[in-house]
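Respectively, the protein sequence lines represent chains A and B. For what it's worth, UniProt numbering labels the leading residue of the first sequence as 1, then goes sequentially. For what it's worth, UniProt numbering labels the leading residue of the second sequence as 1, then goes sequentially.
Calculated from the structure, these hints are not laboratory results. Among these hints, one or two may not hold up.
[What the hints assert, rightly or not] Simulated restraints, written as ranges between beta carbons of each label pair: (1) 351(B) x 301(A): 39 to 49 Å; (2) 169(B) x 43(A): 21 to 31 Å; (3) 225(A) x 173(B): 17 to 27 Å; (4) 366(A) x 25(B): 40 to 50 Å; (5) 139(B) x 351(A): 50 to 60 Å; (6) 506(A) x 169(B): 40 to 50 Å.
For glycine and all other residues, C-beta sits at the position ideal for the given N, C-alpha and C.
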Amino acid sequence: MTTTTAPTGGGKAAAATADYLDQRTGIGTAVKEFARKIFPDHWSFLLGEIALYSFVTLLISGVFLTMFFVPSMAEVHYEGPWATMNGVEMSEAYASTLRLSFEVTGGLLMRQIHHWAALIFMAAIVTHMMRVFFTGAFRKPRELNWVVGFVLMILGLAAGFTGYSLPDDVLSGNGLRITDGVVRAVPILGSYLSYFIFGGEFPGHDVIPRLFTLHILVVPGLILALIALHLFFVVLHKHTQYPGSGRTNANVVGYPLFPIYVAKAGGYFFVVFGIIALMGATMSINPVWNYGPYDPSPVSAGAQPDWYMLFLEGSLRLMPGQTEYVLFGPDGWTLSLNVLIPAMIVPGILFSLLALYPFLEAFATGDKREHHLLDRPRNRPFRTAFGVSVLVAFFILVLAGANDLIATHFQMSLNDITWVFRILFFVGPWAAFVVTKRICLGLQRKDRELVLHGHETGQIVRFASGEYIEVHKPLDAHERWLRVQHDAIRPIEIAPAEDSRGVRRQGYRLDRMRQRISQVFYEDRVEPVTPTELAASHSHGEHDALGSDQEKAPAQLLAEGAPTGGGRRLRSQDETDPDTRNT
Amino acid sequence: MSITPVNGHDDHEHGDTAGSDVALREGENSVGKFRNPGFGPHRPRRSDVDPAANKRAERQVVVLFAISILGTIGFVVAYFALPPGETLASMRTSNLALGLGLAFSLLGIGLAAVHWAKSLMNDHEKAEDRHAQRTSDAGRAEALQVLKDGADDSAIGRRGVLKGALVSSLALFPLTLALPLIGEVGEDWNVSKFKRTLWAKNKKLTIDPTGRPIKASDVTVGSVVHVIPEGLDEAEAPLDEKAKAVVLLVRMDPRDIKSEQGEGWSYDGIVAFSKICTHVGCPVALYEQQTHHLLCPCHQSTFDVADGAKVVFGPAKRPLPQLPITVDDEGYLVAQSDFAEPIGPSFWERLR
Chain A
1 MTTTTAPTGG GKAAAATADY LDQRTGIGTA VKEFARKIFP DHWSFLLGEI
51 ALYSFVTLLI SGVFLTMFFV PSMAEVHYEG PWATMNGVEM SEAYASTLRL
101 SFEVTGGLLM RQIHHWAALI FMAAIVTHMM RVFFTGAFRK PRELNWVVGF
151 VLMILGLAAG FTGYSLPDDV LSGNGLRITD GVVRAVPILG SYLSYFIFGG
201 EFPGHDVIPR LFTLHILVVP GLILALIALH LFFVVLHKHT QYPGSGRTNA
251 NVVGYPLFPI YVAKAGGYFF VVFGIIALMG ATMSINPVWN YGPYDPSPVS
301 AGAQPDWYML FLEGSLRLMP GQTEYVLFGP DGWTLSLNVL IPAMIVPGIL
351 FSLLALYPFL EAFATGDKRE HHLLDRPRNR PFRTAFGVSV LVAFFILVLA
401 GANDLIATHF QMSLNDITWV FRILFFVGPW AAFVVTKRIC LGLQRKDREL
451 VLHGHETGQI VRFASGEYIE VHKPLDAHER WLRVQHDAIR PIEIAPAEDS
501 RGVRRQGYRL DRMRQRISQV FYEDRVEPVT PTELAASHSH GEHDALGSDQ
551 EKAPAQLLAE GAPTGGGRRL RSQDETDPDT RNT
Chain B
1 MSITPVNGHD DHEHGDTAGS DVALREGENS VGKFRNPGFG PHRPRRSDVD
51 PAANKRAERQ VVVLFAISIL GTIGFVVAYF ALPPGETLAS MRTSNLALGL
101 GLAFSLLGIG LAAVHWAKSL MNDHEKAEDR HAQRTSDAGR AEALQVLKDG
151 ADDSAIGRRG VLKGALVSSL ALFPLTLALP LIGEVGEDWN VSKFKRTLWA
201 KNKKLTIDPT GRPIKASDVT VGSVVHVIPE GLDEAEAPLD EKAKAVVLLV
251 RMDPRDIKSE QGEGWSYDGI VAFSKICTHV GCPVALYEQQ THHLLCPCHQ
301 STFDVADGAK VVFGPAKRPL PQLPITVDDE GYLVAQSDFA EPIGPSFWER
351 LR
């Protein structure tokens with residue numbers, strides 16, 4: 001390589017550094033391979049980035065907070081600028097939270113940034129997961145990465161839960177008390193699990209230091225490791241892309257990492273952090289100094305946990321209490337199904353469904369291919385409807401977790417609201433499933449209709465026979481491609497139960513079950529238009545059928561350039577000609 | 001055409017398409033499907049065709065970076081000029097000034113970089129080939145061979161005892177870590193403490209949190225008192241004891257009392273119930289005078305105090321345990337005994 005200009009001082013230094021590094025690491029190979037790696041562009045791909053950047057924000061603000069927070073339950077008497085708490089007995093954890101909020105300059109800001117970032121972190125994870133789910137990005141080869149992401153979500157919940165309790169205020173203390181009550185409901189082991197967590201009886205003196213270690217070391221360590229794995233998989237598999245002209249299952253179309261994504265993604269980190277800083281500056285969050293230090297006696301009404309825990313709270317609220325049983329006689333063992341079902345079994349089912357869905361769908365589809373093109377949600381009616389119904393169940397529980405606020409804000413009976421949610425929890429997901437599936441099928445029919453008959457132009461043509469028709473403009477190749485590119489997935493077909501000699505086939509029952517599941521997934525479907533169908537609709541479609549005997553069919557007239565009311569814009573040209581794209 | 005394939009190397013190995021992009025083309029362009037029309041045209045941005053717009057975009061990026069610098073300077077100024085101080089107003093001002101400075105500092109950089117990328121950097125999309133994840137058959141065979149060679153070198157297949165010893169020792173050694181952890185983490189593991197509270201015969205009922213004893217004559221009809229046992233502060237673990245012993249005391253018209261959990265457990269219309277919810281343990285603190293209902297604000301279990309604290313709504317099953325009370329010679333309210341059953345949420349061996 002020759003250079004025509006003499007390298008500057010900076011250039012020389014950079015070259016020397018690069019040489020030094022490369023001689024010791026061979027980093028040149030990695031730069032060559034990855035610096036211009038292609039990533040597709042779409043706004044929905046930013047959701048995962050928000051999760052990543054809010055996590056970085058959490059690390060930065062969290063390290064700041066650990067410099068001043070004292071994770072101790074030793075009792076102290078507060079002396080400081082927050083007058084209402086002067087002389088009040090409280091734990092060192094609570095006192096140090098007050099100190100870092102009011103006496104450390106910027107401490108309150110960092111605390112609020114940390115809490116807002118945690119809420120956004122979970123929201124970004126959940127919406128990112130929704131994007132991945134509804135577009136089928138979890139299909140082969142990405143099932144394992146879906147599981148990694150799922151575990152990250154659980155770890156996010158764990159991080160939020162352990163952090164929320166650290167200030168040792170009344171609100172979070174009652175949250176821990178609920179945890180204790182839930183844990184005790186576990187059959188056989190419950191009391192011991194409670195002692196395991198609290199180091200003896202609730203509240204004890206151990207839980208805050210223990211939560212602190214989990215919150216700042218174990219959980220974030222695991223999250224970091226799994227984020228690394230998550231991103232490694234993204235690079236290994238290359239990012240999925242939405243279907244579109246030129247995008248195939250065998251290519252990846254987008255912009256190079258350097259410089260586009262270095263600037264966009266790097267900049268986006270600052271945007272996410274900046275917006276969280278703006279929230280920390282202007283919006284108060286979790287003002288523990290108004291709640292007071294933890295004391296097992298008081299409780300405030302209208303208290304809600306952070307949003308990602310609300311579904312558990314709602315689930316606990318909805319469960320009728322009659323389901324607590326004493327087994328084996330009046331002095332037998334207590335089985336608290338009124339706690340176990342809402343706190344463990346319901347979330348367990350919801351989470352298991354989520355974690356296992358990719359494998360269930362692959363089983364039903366019988367598809368062993370790799371998928372790198374995303375699905376449009378309408379093209380997978382069962383999946384989309386299933387996802388929406390799980391979300392509806394989740395949001396009903398979230399709302400149920402706020403039933404007291406709904407009651408006080410809208411002046412309604414708390415008991416009636418609870419009953420409505422109890423019924424909705426069963427009816428809502430089912431109704432959402434049916435409606436969503438119908439909407440998906442309807443949208444698919446709309447796609448077919450559009451491909452077969454084109455856009456309505458609003459131009460009415462009158463024939464000599466007195467007949468009126470509306471001229472339809474055919475879709476150009478790019479528009480059409482988006483609507484016909486997907487595969488039609490049909491229920492799998494299986495070999496019969498008995499062979500020609502009437503001998504029963506091994507494995508038939510499994511196959512039959514699989515076929516049944518497959519039918520649930522794919523029996524109702526609208527298949528994409530094929531070229532044959534399109535040609536058929538052009539030659540004897542309904543508009544042409546309206547043409548009278550004396551005249552040529554309108555489509556034919558148009559093709560011949562007949563001066564109909566639509567003028568030149570109706571004439572079809574080469575369909576890949578950019579000028580004819582309908583935008 | 002704006003697409004330039006990069007890294008378009010094809011490494012097809014004698015008909016085995018694993019690892020190549022050929023494996024991913026299955027089903028594409030098959031009969032009965034439309035053909036992918038290929039890439040659409042590249043649409044130029046305003047800044048691509050209009051030099052003035054290009055220049056303007058560059059200026060906007062510079063301004064955004066400048067806003068960031070100003071934000072940082074503002075933050076530094078606020079740090080020194082606006083300490084949180086002693087008043088609510090000064091704390092709020094400090095937080096707002098620092099936060100806005102930080103936000104501008106960050107948003108300036110972020111928006112500048114994004115705007116730069118979107119309006120000034122090359123926006124021609126590029127395409128790369130994908131390759132199937134799977135290793136080719138030959139590659140797999142080699143990998144298997146490597147593992148087999150390693151296993152042969154170790155001779156593990158032929159030495160069963162050695163294998164057993166290895167597995168056993170690896171399976172056993174975590175005990176050394178788990179045993180002390182599990183042994184110590186639950187303090188004394190004496191879970192029967194759940195069944196006892198500080199209440200005992202003649203223990204005075206005192207007001208939470210002052211600890212002042214309560215005279216029966218001082219409690220008016222319709223009033224509610226939050227109660228802790230006398231001498232709570234001297235207990236070994238006051239908070240643990242308080243978490244079990246808190247009681248809610250209500251005085252009703254004796255005629256309103258429909259039932260009690262024990263004969264003679266109340267005193268002249270004064271009833272005392274455990275304040276710890278039998279659902280998951282929140283303090284049951286909301287008393288409605290007219291209906292004599294006690295509501296747990298956490299999950300809305302509702303208890304009828306006039307009817308032995310039976311559950312009338314919500315996720316709890318059992319009534320709040322009643323504390324048997326009476327008065328001593330001086331007229332102070334005292335407990336007759338501890339609760340007759342374990343208080344708080346249910347647990348497996350609650351009745352054993």
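Check: If you check the beta carbons of residue 169(B) and residue 43(A), does the distance land in 21 to 31 Å?
Finding: Check failed, 54 Å falls outside 21 to 31 Å.
Note to self: The hint says 40 to 50 Å between residue 366(A) and residue 25(B); measuring C-beta to C-beta, is that right?
What the structure shows: For residue 25(B) against residue 366(A), whose Cβ atoms are near 20 Å apart, the range 40 to 50 Å is violated.
Check: Do residue 139(B) and residue 351(A) keep their Cβ atoms within the hinted range of 50 to 60 Å?
Finding: violated, 37 Å
Margin query: Taking the Cβ atom of residue 351(B) and the Cβ atom of residue 301(A), is their distance within the range 39 to 49 Å?
Written below: Violated, since residue 351(B) and residue 301(A) (Cβ atoms, about 32 Å apart) do not stay within the stated range.
Check: Are residue 225(A) and residue 173(B) spaced within 17 to 27 Å by their CB atoms?
Finding: Holds - the Cβ-Cβ distance for residue 225(A) and residue 173(B), about 23 Å, lies within 17 to 27 Å.
Checklist line | Distance restraint evaluation - residue 506(A), residue 169(B), Cβ atoms, bounds 40 to 50 Å | finding: holds, 42 Å
Going through the hint list in order, the structure does not satisfy hints 1, 2, 4 and 5.
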